[in-house]
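Novice: Take a look at the letters that make up each chain.
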Amino acid sequence: MGLLSPSVSITQYRVEGQLPSPVNEQVTAALQNNTINEIDNDASEQTMGWTSFDDPYRPDFEGSRFVIDTAWVFSLRIDKKSIPAKVLKKHYNMEVAKRLAESGRDYLSKAEKKQIKEHVLTVLNMRIPATPNVYDILWKYEEGLLWFFTNLKAANEALETLFTRSFKLRLVRLFPYTAGLQAGLSGPEQDALDQLKPTLFME
Amino acid sequence: MLDIAVAYRRYQFIGDEFLTWLWYTLEQDARLLTRIDPEIAALEIGNRMVFENRYRKDNEETVTIKGEEANMDEGLLALKKGAMVTEVNLVYRSGDQEWRFNLKGESLNLSSLRVPETGKIETREDIEGAVIEKTYLYDKIIKLINVLFQYFIKLRISNEWSTKTVPGIRKWILSS
Numbered sequence: 132m133g134l135l136s137p138s139v140s141i142t143q144y145r146v147e148g149q150l151p152s153p154v155n156e157q158v159t160a161a162l163q164n165n166t167i168n169e170i171d172n173d174a175s176e177q178t179m180g181w182t183s184f185d186d187p188y189r190p191d192f193e194g195s196r197f198v199i200d201t202a203w204v205f206s207l208r209i210d211k212k213s214i215p216a217k218v219l220k221k222h223y224n225m226e227v228a229k230r231l232a233e234s235g236r237d238y239l240s241k242a243e244k245k246q247i248k249e250h251v252l253t254v255l256n257m258r259i260p261a262t263p264n265v266y267d268i269l270w271k272y273e274e275g276l277l278w279f280f281t282n283l284k285a286a287n288e289a290l291e292t293l294f295t296r297s298f299k300l301r302l303v304r305l306f307p308y309t310a311g312l313q314a315g316l317s318g319p320e321q322d323a324l325d326q327l328k329p330t331l332f333m334e
Numbered sequence: 063m064l065d066i067a068v069a070y071r072r073y074q075f076i077g078d079e080f081l082t083w084l085w086y087t088l089e090q091d092a093r094l095l096t097r098i099d100p101e102i103a104a105l106e107i108g109n110r111m112v113f114e115n116r117y118r119k120d121n122e123e124t125v126t127i128k129g130e131e132a133n134m135d136e137g138l139l140a141l142k143k144g145a146m147v148t149e150v151n152l153v154y155r156s157g158d159q160e161w162r163f164n165l166k167g168e169s170l171n172l173s174s175l176r177v178p179e180t181g182k183i184e185t186r187e188d189i190e191g192a193v194i195e196k197t198y199l200y201d202k203i204i205k206l207i208n209v210l211f212q213y214f215i216k217l218r219i220s221n222e223w224s225t226k227t228v229p230g231i232r233k234w235i236l237s238s
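If you're matching them up, the sequences are chains A and B in order.
Here our numbering is used: the first residue of the first sequence is 132, the next is one more, and so on.
Here our numbering is used: the first residue of the second sequence is 63, the next is one more, and so on.
The shape of chain A in the complex, shown without the other chains (with noise of 0.2 Å):
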């Protein structure tokens, strides 16, 4: 689900620090380090990284084309191979019985097994093409705050890790307790706030 699609789902982040200026230069110099990398004819299973927000199949962030009003609209895009289960079993036990005849034995040890399920592992995703899932991010940099545009954790998850890795900056997801911290408490009024203990309406 998309920024433009009909029905979106967000997850606040609070963008802590500041980047070194021009900021523009900045974010793109860290788009561009960062962008997406195919996998597809690679033996990777899956990867992760920045893409372009109007056309995340063709990553281009040359000219501050992110740049959206007072906003840096880009995505994250995560690629993934699935290998069906039956089809791993499949080409395994083919392995197997090739090594089995080409040896002469009637057995595997444990090390060649797993030799023969990573070699499997290897083939197979080199010839299968990975499905990518792509995540659209607003980010009010004046403002320090950030819309990821989904709730999946672990979409959640890979932004957070991605986003402290490019731009060195630390992202605080916006749950009850950082969105408290967040109101503008005093000092006591935020220890206040770690002193909480759950009410019961009812006894």
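Note that these hints are calculated values from the structure, not bench results.
It should be emphasised that the depicted structure is a prediction, and the values quoted were computed from it without experimental measurement.
Note that the Cβ used here is the ideal one computed from N, Cα and C, for glycine as well.
Fair warning: there could be bad hints in the mix.
[Said to hold, decoys possible] Some chain B residues judged to face chain A by a derived CB distance under 7 Å, without partners named:
hint: 1; residue: 67
hint: 2; residue: 76
hint: 3; residue: 101
hint: 4; residue: 142
hint: 5; residue: 151
hint: 6; residue: 154
hint: 7; residue: 171
hint: 8; residue: 174
hint: 9; residue: 175
hint: 10; residue: 190
hint: 11; residue: 191
hint: 12; residue: 194
hint: 13; residue: 198
hint: 14; residue: 199
hint: 15; residue: 215
hint: 16; residue: 217
[Unchecked claim] Pulled from the structure, derived: some chain B residues nowhere near chain A, Cβ distances all over 12 Å:
hint: 17; residue: 93
hint: 18; residue: 126
hint: 19; residue: 127
hint: 20; residue: 129
hint: 21; residue: 145
hint: 22; residue: 168
hint: 23; residue: 170
hint: 24; residue: 209
Since the structure of chain A is provided, determine the placement of chain B on it from the hints.
Specialist: Relative to the frame of chain A, chain B by itself:
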């Protein structure tokens, strides 16, 4: 500050209490919402509410009430048994425009957010305008929820919570 994962789990009850308080306030004290922000008064409970009893090990149940004409008595009964509102569908209207969305207590995540219709995207150049328009419409709901939550959290850590709000909510639940 606490580790984020620890803080998420330890304080998820705050979000459930927030949604329970919000339902009570919408039902019983709508004038308070007008005082927080006149725009919030246009907020209504939508077509879905989820109730969970997280803290009573002997009575862990989830009750989901769905439908435009949902019978909220079942919800009050769940509260009576010690449950809290953990997720709610809300509707916000301004003029002839309507926003609908689900709000989850433990995360404050928004989902299934539908905003008033925006212009059609026919060319690549339309995308920028559409993003600006959609951002404005999302921002309206996000600001509304954030203002409400900020009011709630200050109330929650004040004495007023235990002396006035909790007895009021208890009375409302028992009156059903």
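Novice: Take the hints in turn and mark each one as holding or not.
Specialist: Results for each hint:
no.: 1; hint: 67; result: violated, 10 Å
no.: 2; hint: 76; result: holds, 4 Å
no.: 3; hint: 101; result: violated, 18 Å
no.: 4; hint: 142; result: holds, 6 Å
no.: 5; hint: 151; result: violated, 12 Å
no.: 6; hint: 154; result: violated, 15 Å
no.: 7; hint: 171; result: holds, 4 Å
no.: 8; hint: 174; result: holds, 5 Å
no.: 9; hint: 175; result: holds, 5 Å
no.: 10; hint: 190; result: holds, 5 Å
no.: 11; hint: 191; result: violated, 9 Å
no.: 12; hint: 194; result: holds, 5 Å
no.: 13; hint: 198; result: violated, 9 Å
no.: 14; hint: 199; result: violated, 10 Å
no.: 15; hint: 215; result: holds, 4 Å
no.: 16; hint: 217; result: violated, 11 Å
no.: 17; hint: 93; result: holds, 22 Å
no.: 18; hint: 126; result: holds, 18 Å
no.: 19; hint: 127; result: holds, 18 Å
no.: 20; hint: 129; result: holds, 19 Å
no.: 21; hint: 145; result: violated, 9 Å
no.: 22; hint: 168; result: violated, 7 Å
no.: 23; hint: 170; result: violated, 6 Å
no.: 24; hint: 209; result: violated, 10 Å
The earlier numbered hints that this structure contradicts are 1, 3, 5, 6, 11, 13, 14, 16, 21, 22, 23, 24.
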